[in-house]
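Number of protein chains: 2
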Amino acid sequence: MPYFSLLKTAPKGQARAGELHTAHGTVATPVFMPVGSQATVKTLTPDEVKGIGFNLILANTYHLYLRPSVDTVAALGGLHRFMAWDGAILTDSGGYQVFSLAPLRRLSDEGVTFRSHVDGSEHFLTPETVIQLQETLGADISMVLDVCSTYGDSRAQVEEAMLRTHRWAERCRRAHSKSSQALFGIVQGGVFPELRRQSAEFLTSLDFDGYALGGISIGEPKETMLKTLEITTPLLPEEKPRYLMGVGSPEDLVEGVARGIDMFDCALPTRVARNGALFTSKGRRNIRNAAFRLMERPIDPRCRCYTCRNFSAAYLHHLFKCEELLAYRLATIHNLTFIHSLMRNIRQAIMDDSFSELGAEFLAHYLPTDEATRLSQKEKWLKRRGQEQ
Amino acid sequence: MPYFSLLKTAPKGQARAGELHTAHGTVATPVFMPVGSQATVKTLTPDEVKGIGFNLILANTYHLYLRPSVDTVAALGGLHRFMAWDGAILTDSGGYQVFSLAPLRRLSDEGVTFRSHVDGSEHFLTPETVIQLQETLGADISMVLDVCSTYGDSRAQVEEAMLRTHRWAERCRRAHSKSSQALFGIVQGGVFPELRRQSAEFLTSLDFDGYALGGISIGEPKETMLKTLEITTPLLPEEKPRYLMGVGSPEDLVEGVARGIDMFDCALPTRVARNGALFTSKGRRNIRNAAFRLMERPIDPRCRCYTCRNFSAAYLHHLFKCEELLAYRLATIHNLTFIHSLMRNIRQAIMDDSFSELGAEFLAHYLPTDEATRLSQKEKWLKRRGQEQ
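Line by line, the protein sequences are chains C and H.
Using numbering that gives the first Met the number 0, the first residue of the first sequence is number 0, and each one after it goes up by one.
Using numbering that gives the first Met the number 0, the first residue of the second sequence is number 0, and each one after it goes up by one.
Treat the hints with caution; some may be incorrect.
Calculated pairs, SDA-like style, for lysine to any residue (alpha carbon to alpha carbon, straight line, at most 25 Å) [as the list claims (entries may be wrong)]:
| id | chain 1 | residue 1 | chain 2 | residue 2 |
| --- | --- | --- | --- | --- |
| 1 | H | LYS49 | H | TYR2 |
| 2 | C | LYS49 | H | GLU237 |
| 3 | C | LYS49 | H | ARG296 |
| 4 | C | LYS320 | C | ASN309 |
| 5 | H | LYS320 | C | SER68 |
| 6 | H | LYS320 | C | ASN309 |
| 7 | H | LYS11 | H | GLU237 |
Worth flagging that the hints you see were computed from the coordinates, not collected in a lab.
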């Protein structure tokens, strides 16, 4: 059986529906992966994550390497057993975290030296060790170690990072030995179409199980992000899954699928939930707003999540005002249910040849956070992420 | 049907087993009530609380009066509907909170004026309004407004507070009109046997549905607490339930039952859970301790709670180290399961005439937090409680 089965491509545009065949079950695509960096999807039990409908989550090699350590996870039976999750797990290689969270990093062709954002201890990781760590964790899908550029870097800087990413990708490919574990390459190249083309071509030549788009949604305007997707996905092999890293607002999921993406991960739905921002078909609502103080109906009456089936918007408002921990759980359940149900509807629409109608309908009613607010929130988040994730 | 059915009294000592017949179901006694001051048992959904086995919880009039307001709860269908709890609810009158949380209180025979610990707003409560508030909330069991002494008060101070408690108890009794709601009196009198006797006699003459012991476990040595119980419970009518307010460490539950108590509430099991202190048959264990870093077995291998069935002690240790919110949930589930199972075993032992053996066996193995640590923890907690509860 091939690793990925492409079941359907939309008659117009690039949207696709398929299936990933992992060692821990089949995953329907397009798929959103909830983020469980530290071996927990924040606030939820594995049963709850499963109950919402997810069977593939993301965990983070960088975080687990620092705490509790990959050896500890292995001694406790591997990541699935450790966190009591019997679905599939994709592990990020940690490249992005090393470049965004860890202070004092020094980069050489051999690998990267950095200090832990937790306790300041010094560490050295190479492409080979990162593959070894992910094999030891027991991930179903592993990622190569890449070098991330920052939005605003010059073409020369982005090119240098891309070329090192390519050399590291080759080494990861050679180091990878576990046949039950998929390995994805990561296309870099920033906002430069020619670099993206070179990166896609080079990585494709290494024949990975799937291809991720890295260095996207790192502060660039949304137009630029969509443009980059539009030129990159057509360069990737049709028969392999395509994964857009770090993207996950509802409108971006629709836009990403329309541009040929099969997999997404993002901390946004769970992070904003804990801040009281709840998804509805018309956009985000801030449950702390006084408008919800006496609202007897749930935040989204059409939603079938545990939160909306049991609690009024007023009760959620009360929990947030009192900073009760249950608030963060109920909001997380709601937002992840919203995202899961959006992805399920998207997939069904692709299968029914009605994706472009569903996408247009969704985007017509869903009011995204405005661009200025979005960028300033993103910037704030990038700054304090060390504490949060 | 009487409000309370006494089913069995232990052949030796005072331990009793019975049933409370509330408007939201029958509750087996002796019973521990989890604390849900702000209309949520901290970190848990109502389904989880029910799933552990509880069908009676405590909520707090003082907290709900300030946030979201009793009128808001009423507008949203009453407290049961508001928090989606279909079991029974006992509401504390708020007396204890006014005297311990609220700054700037002024006491007169008419009632008590105080400032909110949340926003500094001024409020005036009387015995009559407190009864009205609890009827509006829709509690199954309501409590009279009492005046709480502080440990260390002189006999004259304690007597004055007790006499006012008695006058207020009479007014509460008259004000109470909802036949589906039970009303309990609160015996005061501090550590003075003669005052406890007077208080028990006076309140018994008013014929309440049950009797609480107030002003206990407020900083006095454990010996004094047990002595006070020993002289007070025999003064209360046998056919009415007896409720020891604010007590709930495992060893105190055993000691309390042995002295004739039927009902308990305490934030301790859930509060210490959030600090990483987990109950085992041998005493509390601090899960942050390095001894648990690699422990593959659950914190208590004999425990059947969700936490122990699914997760290693090492995983809990990791979650606490990372300050992941799931840590507080899993620890709360464990501690409440421990307490529920202890109470169930106690009740079974009373029914089987083996309570004194069970009590002795439990106390022989369970190492309580030592007295000095306990008192200093209590003091610290009393000081910062404003933020916590």
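Checked hints:
1. For the proposed pair LYS49 (chain H) and TYR2 (chain H), the alpha carbon gap of about 22 Å is at most 25 Å, so the pair holds.
2. For the proposed pair LYS49 (chain C) and GLU237 (chain H), the alpha carbon gap of about 50 Å is over 25 Å, so the pair is violated.
3. A C-alpha spacing of about 24 Å is found between LYS49 (chain C) and ARG296 (chain H), which places the hinted pair at or below 25 Å, so the restraint holds.
4. Taking the CA atoms of LYS320 (chain C) and ASN309 (chain C), the gap is about 19 Å. The hint holds against a cut of 25 Å.
5. Between the alpha carbons of LYS320 (chain H) and SER68 (chain C) the distance comes to roughly 12 Å, so the proposed pair stays at or under 25 Å and holds.
6. Note on LYS320 (chain H) and ASN309 (chain C): the hinted pairing is violated, with a Cα-Cα distance of about 32 Å set against a maximum of 25 Å.
7. For the hint pairing LYS11 (chain H) with GLU237 (chain H), the CA-to-CA distance comes to about 15 Å; that is within 25 Å, so the pair holds.
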